[in-house]
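A.B. asks: Which chain is which? The protein sequence lines are A and B, in order.
For reference, each letter of the first sequence is one residue, going 79 to 286 in my numbering.
For reference, each letter of the second sequence is one residue, going 297 to 816 in my numbering.
What the hints contain is simulated information worked out from the structure, not anything from laboratory work.
Glycine residues also receive a C-beta, built at the ideal position from the N, C-alpha and C atoms.
Where hints are given, some of them may not hold.
[What the hints assert, rightly or not] Some chain A residues close to chain B (C-beta under 7 Å, calculated; not the full set):
{"hint": "1", "residue": "Arg172"}
{"hint": "2", "residue": "His261"}
{"hint": "3", "residue": "Leu278"}
The primary structure of each chain is shown beneath.
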Amino acid sequence: MNAPRPAAPEALTRRSLLKRGLFGGALLALGGSAVLASRDGLSLPLPPEGLRVLGAREYAALQALARRAFPPRPGWPDADTASVAFTADGLLARGDPAVAKEVKELLGLFDNALAGFLFAGRVTPFSRLSPEAQDAAFEDWRTSRLMLLRTGHHALRTLVYSAYYMHPATAAAAGYLAPEGFHDANAVPWKGEGPRPAPLTQKEGSTP
Amino acid sequence: MSGRIFTGDELTEDRVVTCDVCVVGSGAGGGVLAHELVRRGLDVVMLEEGGYRTRRDFDLKEATAYPAMYQELANRATDDLAISILQGRTVGGGTTVNWCASFRTPPEILQRWRDVHGVKGLDEATLAPHWDWLEERLHIRDWPIERANRNNQLLWEGLGKLGYSRGTVKRNVKACAALGACGLGCPTDAKQSMLVTLIPDAVEQGMRLFANVSARKLELEGMRVTAVHADVLDPRTDRPSGRRLTVKAKVTAVCGGAINSPALLLRSGLTARGRVGKRLFLHPVVVSTGRFRERVEAFYGAPLTVYSREFIDRGPGKLGWLLEVPPIHPVLASVTMPGFGAAHQEMMEQLPYANALISITLDGVQPGDEGGTVALRGEREYSRVKVEYPLTDFHWEGFREALKVSARLQFAAGAEQVLSPHSSPVVMRSEQDVGLLDRAPYAPLLCRVASAHQMGGCAMGGSAKTSVVDSTLRYWDADNLFVVDGSVFPTALGVNPMETILGLAHWGSQHVAAAVGGRV
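Just chain B, same shape as in the assembly (with noise of 0.2 Å):
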C-alpha cells in the first residue's frame, strides 16, 4: 500500500480521516516514530504545519529559507527578545535545516534522568541497539578532522594549543558536498534527515502525510482523545485556508517540539496540574565572533564538525557548556553581530575572515536551574505562544566566562580581534584584553543570546506530581497520548540534541504500537 502527501493547495474541502495514529509533527521525533509505527503495520497520519518543501526549492539562499522553513520567519524569541530562538517548521522539521551535528545522549544526563527525575527503563544500553539502528539508516559517520572546514580547524587548532580536550562531530550524510547551507535546506538530499529518509519509507508503506496543517486542538472525552482538529494554510500565504481538517485516531502523538507540543496540550486545555510548559530548556548560546587575517569563509563547508565539552563540568552551581562553530551565513551574522551603520557595515564586510565561536550552555542540571517557560497569550485556540525564560546572575557568570574561553581560544588559533556579543561590543585585540570582559555588562539585550536546541516543556518523569509523562512517554492523564519529541527531555542535555530524539522515539515507538494494539 502506497501512502500520499498532500499539502495545503490540495485540501479544498473539509476533511474527516480515520486511522490509528495521528502523529502531530514530523521532525526527528515525528518522523522516527511514524516510520516505526508504519513498519509495524499502523494505519499512521502525520500533520505538518510548515511545508512540504524539497531539494528544488533548496536555492542556497537565506532569505528563501528562513521565512520558509523556520518558526516565526526565524524570529522567535522569547517574550522580551532577550533570547533568539531558531527551530525548523518544514516537512522534516529541525532535521531538514539543522546542522547535522550527532551525539548519543552523555550518560550523565540518562542517570540524572533516572535519579532526579525518576525516568525508568531509559538508560545507554537500552538505547544502544535503536542509536545502532539509526545512525546505519541515517548514515551517521564521522567527519574527519581532514574535511573540517576553517572555521573548524581554528577551533580544533585552538583546543590543541590550549590542551583543552576536543573531538569531531558525527554527521548525517551521505555524499556530502560540503556546501555549507545545512540550515537553508540541502539540495543535493546528502543531508539524511527525515525529509528523504524516514518519511518517505513511511509513505512508501502507507502513511498520509498532510503538510501545510496546523494542529490547534485536541478534543478529549473523559481520559481520551477522540480527535485532533487542524485548520489547513494556504501554502502561498501560511494563512489558514478556512478548511479544516479533523483525524480520528485511535492513537495521537504530539511530536511538535518544545514550543508547540506544550502549546497545543495548552490549547487544549491540558495542563498535567501546571506542568505543561513548564521547565523549558534552550541551551542559551552565547557567541564569540574573531577576526583572522586569513580567509576563514565559515559559510562554506560543513558547518559543524568539532566540539569540545572541556568545560560542560564546571562544578555545583556554576553553568557549563559545550564549544562549536556554526556556520556564518550574512542574515544570520547581521542580527547576531553587534554594532550598527558604518561600524557594523566594516564587520560585515570582514565576514569572510569571521570565525564565530559558540558556547552552548547546559541548563536545567543545576539545583534550582528550571529552564523557562511555554505558556499562551490567553486562552484561547488562537492565542499565541508566549516562550519566557529568565536569564539570572547564574547565567551571566557562565556567559562571562564562557566568552573568556572562547577569546582565549580565538586567540590560540590566530585571531587578530575578537568580538563579544554585546551590544556595544568588547572589542580585544590579544589575549591581554580578556580581562576587559569582567567590565562589560551583562543583562538581557545587553549582550545578545540564542538558542538552536529546544527541550522540555512536557518533561517525562516518575511522577504524575512533577512531570506531564511517564517513564512511556504517555502522557500521565490520558489513556491514549503521547508526547515523542525533545519536549519530554527532563533536562537539557549539554549536546546537540536530534540524536537523543531520534533514539528516544526509535524506542518509544513500541509503547505507542502497543497502545494502539499493534506489534511492539
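The following block holds chain A by itself, in its conformation from the complex (with noise of 0.2 Å):
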C-alpha cells in the first residue's frame, strides 16, 4: 500500500524564504559583500499616482520581471500599457499588510545581486540583466532544487499574471467579452427595511 508519508523536509515555507532573505543580508554585513549586495538595480520613472507598498527598486524589478512576462504583441497590451507593477502594488495594497511586506522583501531577493550571486553565480541585479539573462534567472527560480525558490517564482510569477489579466484589454485580447446588458449597477441593495424586491424574472437560456 502506498500510505502518505510526512512532508518531506525540504518543504520550506515563505517564512524560511523571508529568513533567507534576510540570512543574506546578515552575510552582507558580515562577509564585506556590501559592493555586491548594493549594485544598483532598474530605475524607472514612479507612476504619477504614487506607490502605496512598492518602493521605487521593488516596482522597477517587477516591472523588469513583467516586460519579461508579456513581450509586445499584437493585439495586447504590453507590461508598460497595463501598468503591471502599479496595478500589483494596488493590489498588494488591498490585502493583508503582512503579505505586502513579504512580497516586498522577496522583491529585494529577486533583485539582489548577492542573492543572485549565492543561488546562480551572477552578479548583476535581475533587473539590469539582459532579456535572455532575465529568462534564465527567472526559469532558475523555478526549476530549482530549493523549494524556497520555487516559491519565490510562484509567488512572482501569480502577482504579474494577476495584475496583466486584470487590465479590461487583456480579457478581451483573450477572448472573453463580459456579457452585456445583464448587470444593473443602479440595482439598490435591501437591508431589510421596506418591502423585499421581488426576485428578477427572465426567460431562461443555454447561452447568453
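Reassemble the complex: the two chains are provided individually, in unrelated frames, and hints are given to aid placement.
C.D. replies: What follows is the structure, given as C-alpha cells:
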C-alpha cells in the first residue's frame, strides 16, 4: 500500500524564504560583500499616482519581470501599457499588510546581486540583466532544487499575471467579453427596510 | 419583526448587542442555520467579515470579483504556495461565488463517518427530508445535457467514447441565463445562493446581519462562551476601522468554513486537545488543459454540469478522484496555465479553444491520509492563518494517473493538444503521448495543484479524544458553542460540498435551537 508520508524536510515555507533573505542581509553585513549586494537595480519613472506599497526598486524589479512576461504582441497591451507593477502595487495595498511586506522582501531578494551570486553565480541585479539572462534567471528559480526559490518564482509569477489580466484589454484579447445587458449598476441593495424587491424574471437560456 | 443588514460604514461607534444566537459566518452553514433559528422564533445576530455585495456589484469582471469576494483576494494558498485555495469571503460565503454544483452526500461517506469516526445519527434517511426541503427552496434541479455548454459537452462525449460512467449535475438556479459568471457573482440573481434566499428570508423575520465585521475572539467563562469580540472593517479598504462589535449571545455558532473556523477557535485558545485545525481536507485538484480546433468558449454557459465518479474508488491505498470541468476566465486561466513569456501568451490567445478538465481528488478516506492543518502564525489575536498540506507520493501517484485519464478523455473528445499542469508542461499531441506524463516531475510547485473545496479542521466524531465537535455539532468542551460548516466533516466527500453543508446545517439547527431553549 502506498500510504501517505510526512512532508519532505526540504519543504520550506514563505517564512523560511524571508529568513533566507534576511540571512542574505546578515551575510552582507558580516562578509564584507556590501559592494555586491548594494549594486543598483533598474531605475524607472514612478507612476504619477504614486505607490502605496512598493518602493522604487521593488517597483522596477517587478516591472522588469512583467516586461519579460508580456513582450509586445499585436492586439495585446504590453507590460508598460498595462501598468503591471502599478496594478500589483494596488493589489498588495488591498491585501494583508504582512503579505505585502513579505512580497517586498521577496522582490528585494530577487533583485539582489548578492543573492543572485549565492544562488546562481551571477553578480548583476535581475533588473539589470539582458532580457535573455532575465528569462534564464527566472527559469532558474522555477526549476531550482530549493523549494524556497520555486515558491518565490510562483509568488512573483502569480502576482504579475493577476495584475496583467486584470487590465480590461487583456480579457478581451483572450477572447472574454463580459455579456452585456445583464448587470445593473443601479440596482438598490435591500437591507431589510421596506418591502423586499421581487425576484428578477427572465427567460432561461443556454448561452448568453 | 424585520431585521436589518448593517455594513461596516454604518458602524461608526463601538457597539454591544445581545441575542439568543450569534452566527459567525454567512455561507452555506451559517445561512441555513440562521434561517432555521429565526424560523423558530429565536433572536439571531450574524457576523460576516466580507462585504455585502449584491447584483449591482456583480459586473461579470474578474478584476472586480476576486479582490472583493474571495479570501486573500483569491490568493489564499498553503504556506508553501504549492496549493492555491479559492474560497469565498462575502455575504453568502461560497454560495455567492461557487459554480452551483449540488450533490447529496455520497452514502458511503456517511457510512464511513459512522463506522470509522463514530458519528451518530447522521445517515442518508435522516438527512433526506432536510435535503428535500433545501432542494425545493433553493430550486436545486438537474441541468440537462442538452443545455450544457461546449466545455461540458466535451467531457460528456469523452466519457461516452471511453465507456466511463457519467452524469449531469444539479444546480441551484432559477431562470438562469447561463452567463458563465457564477464565480464572479450572479448579476441576475438566478443563483439561489444564501445571499438571495435564506439570508433575506431570515432578515425579514428579524435577523440582524453585520457585514464587514471580522470575529476575532470568543470570550469564555468556564465551559461557556460569553461574548464574541469582532473588529469592524472599513468596506473601502477592508482594514479595521477601529470600531469594535461585541455580541453577547446565549449560544454561539461558528460557521466560518474549514480554514477560518478553526482559526477563530485557536485565536480563542480553544484547541480541543490539539484537534482543532487538524484533518483539513482540500480535495486537491489537478487541471488538464485541452486545445480544440473548434471554439469551446469555456467562460460562457453554465459552468459545471457534467461529472464522472468513475475513478472515485481506486481501491485501498489509492487516491481516487471526481471529474468535472470548470469555467476558464482569463485571470484564473493565466495563473493556472503553465509557461511564461511569449509561450504563455500564445496559450492565452487560444483560450477560446481551451477545455479544462479537473480531477478533484478525494482525501481523508485512506489509512494514514490525515490531510493538512490550519494553524496560527504566533498565538496573538491578530496572527495570520497558516495552512499546511503535505503532498506525498500518495498524492502524486493519484495526480499522475488522473492526468493520464484526463488526457485520454480530451483526446477522445477531439483535442488536438493536451497540456499538463506542470510548470514546464508536458505537451501531448495524441493519445500515444500520454505516457510522457510518467516521466514528468511530480513535486510541489513543479506540478500545479489547486483547491476550491475546503473541509475539516473541526472534525465531528464520537469521542472528545479524536474530534472537535460531537454528533450534535457541539464543541466537546463548551456547553453553548457549536460549529456548523464544512469544517466538521471528518473526511472529504468526493463531490462538491455545498449541499452537504446545507443539509448538515438544516439538520443541526435542531441541536443549536435546543441549546438555547427554542423550539426543536
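A.B. asks: If a hint holds in the structure, say so; if it does not, say that too.
C.D. replies: For each hint, the structure was consulted:
1. Arg172: Where the cut-off is 7 Å and the nearest Cβ of chain B is about 5 Å from A:Arg172, the hint holds.
2. His261: At 4 Å from the nearest chain B Cβ, A:His261 passes the 7 Å test, so the hint holds.
3. Leu278: Result: holds, 5 Å to nearest chain B Cβ.
The earlier numbered hints are all upheld by this structure, with none contradicted.
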